[in-house]
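From first to last, the protein sequence lines are chains F and V.
Reading the first sequence from the start, the letters are residues 704 to 823 in our numbering.
Reading the second sequence from the start, the letters are residues 13 to 300 in our numbering.
Hints were generated in silico from the structure; no laboratory data involved.
Careful: at least some of the hints might be erroneous.
Just the calculated beta-carbon pair ranges, DEER-fashion [claimed, not checked]:
#1 F:Pro800 with V:Lys59: 31 to 37 angstroms
#2 F:Arg805 with V:Gly229: 27 to 33 angstroms
#3 V:Glu185 with F:Arg753: 31 to 37 angstroms
#4 V:Arg101 with F:Arg753: 45 to 51 angstroms
#5 F:Pro819 with V:Ala34: 34 to 40 angstroms
#6 F:Ala812 with V:Lys59: 35 to 41 angstroms
#7 F:Leu757 with V:Glu136: 25 to 31 angstroms
#8 F:Tyr797 with V:Phe42: 16 to 22 angstroms
The structure presented is a predicted model; accordingly, all values stated were derived computationally and were not measured.
Where is the CB? At the ideal position from N, CA and C, for every residue including glycine.
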Amino acid sequence: MSKYLINKFLYTIDRDPDLVQRYREDPHGTVTWWEAEQAGVILNCPRAERSTWLTFTDAERSALASHDYPALFELGAHSFLTLTLFIALFERDYAEPLAFQREYAARLAHWSLPYPDIST
Amino acid sequence: MATVAAVIASTHHPFYYRASNATGADRPPFADEWVTKIGAFRDTLTKANPDVLVMVGSDHFHQLWLDNMPQFLIGKAPFYDGNFYNEEREFGLPRMLLRGHEELSAYLLRQGIDAGFDLAFSNELRIDHSITCPLITLRPEADLPIVPVYTNIFAPPMPQPRRFVELGKAIRELVEAWPVDLRVAIIGTGHLSLELGGPRQFGPHGPDPEFDRKAVGWIASADLESALAEVTLDSLWQPGNATHGFMDFLLMMGVAGAGVKADYTDTLDLFHTMEAYFTWYPKAVDAQ
Numbered sequence: 704m705s706k707y708l709i710n711k712f713l714y715t716i717d718r719d720p721d722l723v724q725r726y727r728e729d730p731h732g733t734v735t736w737w738e739a740e741q742a743g744v745i746l747n748c749p750r751a752e753r754s755t756w757l758t759f760t761d762a763e764r765s766a767l768a769s770h771d772y773p774a775l776f777e778l779g780a781h782s783f784l785t786l787t788l789f790i791a792l793f794e795r796d797y798a799e800p801l802a803f804q805r806e807y808a809a810r811l812a813h814w815s816l817p818y819p820d821i822s823t
Numbered sequence: 013m014a015t016v017a018a019v020i021a022s023t024h025h026p027f028y029y030r031a032s033n034a035t036g037a038d039r040p041p042f043a044d045e046w047v048t049k050i051g052a053f054r055d056t057l058t059k060a061n062p063d064v065l066v067m068v069g070s071d072h073f074h075q076l077w078l079d080n081m082p083q084f085l086i087g088k089a090p091f092y093d094g095n096f097y098n099e100e101r102e103f104g105l106p107r108m109l110l111r112g113h114e115e116l117s118a119y120l121l122r123q124g125i126d127a128g129f130d131l132a133f134s135n136e137l138r139i140d141h142s143i144t145c146p147l148i149t150l151r152p153e154a155d156l157p158i159v160p161v162y163t164n165i166f167a168p169p170m171p172q173p174r175r176f177v178e179l180g181k182a183i184r185e186l187v188e189a190w191p192v193d194l195r196v197a198i199i200g201t202g203h204l205s206l207e208l209g210g211p212r213q214f215g216p217h218g219p220d221p222e223f224d225r226k227a228v229g230w231i232a233s234a235d236l237e238s239a240l241a242e243v244t245l246d247s248l249w250q251p252g253n254a255t256h257g258f259m260d261f262l263l264m265m266g267v268a269g270a271g272v273k274a275d276y277t278d279t280l281d282l283f284h285t286m287e288a289y290f291t292w293y294p295k296a297v298d299a300q
């Protein structure tokens, strides 16, 4: 399990407008490309010095490739990162302000405390 | 010696900028009351006539990342750019450029490290809405040099609540001992109960109004004894999964001084989270 790598995916997609759009349109292809090409890049190091050991589990890869934010919550992804990126992906599809955010809460309504651990 | 002209603690609601500037059908029904309250809160800083602002906030996974996460960091740079693409996207926040006060940054770093806080530093820091929002509300001219202080309230493992209080006390003592004749306002922003990315998010009020009521009481009287008796790293998950931002209020209570009542307190019960505004004047007679 690599909560860190899920978070790194969410973080690096969220900060790049082109990647946000690419992930919205092609989640499976974006996750496959990112895991192969980007997962190991240390953000403050040259590409040649990338990490060699970072991979998703099947459950993590599947959750990201299917835009399944309730599954990401259950896997312990950082809630702020997931929320921020998914607002960017899907808020535009809802007519009412905050309608997506409220649906997001409703889809997690089966959870009570304690929530899944987000520690990395 | 420097004078602590004001100590200010506040929430940092990223929707204020857009709500306050919206017109016509886009203007939310709560905007006018919010603008009125912010205007009164802004006056409390203006009245203190500050020369420099020490700004305490927390990076929301913008520049600081999990491969190298500082617990407490002070910026030391001549300028700070402000706000990030995803804050423009989600909140409509503007790009900003703030001047830094490098001399005070260097002083706080040297003296703070010598006082037992192993502070991280940054010579190129882009500040996010935890610092730009209080500038927009309290000093929209953004004309004063700043010293940004970042805390980790976001990524476990975090420092204990008591450590935030201790750092606040140290910042107050160090600023008061700074041998420069300037008026310094110390401003910090955090959260009351808050849920982000969980089932209790974006409700009609904050996720835990009872916690908010207690927390406002603690802050307004800098009641650190009661706050620290109830608040732990574990307990802060209960009021809402982003409530660790309350630890920045604890830091500011440390700056204000245990048991010192705020000279100004106001709140606004908004959807999603409660807004809260506090100002202390350590040298009341100096307020102009």
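May I ask which of the numbered hints given earlier this structure violates, with the numbers listed in increasing order? When the structure is compared with the hints, numbers 3, 4, 6 turn out to be violated.
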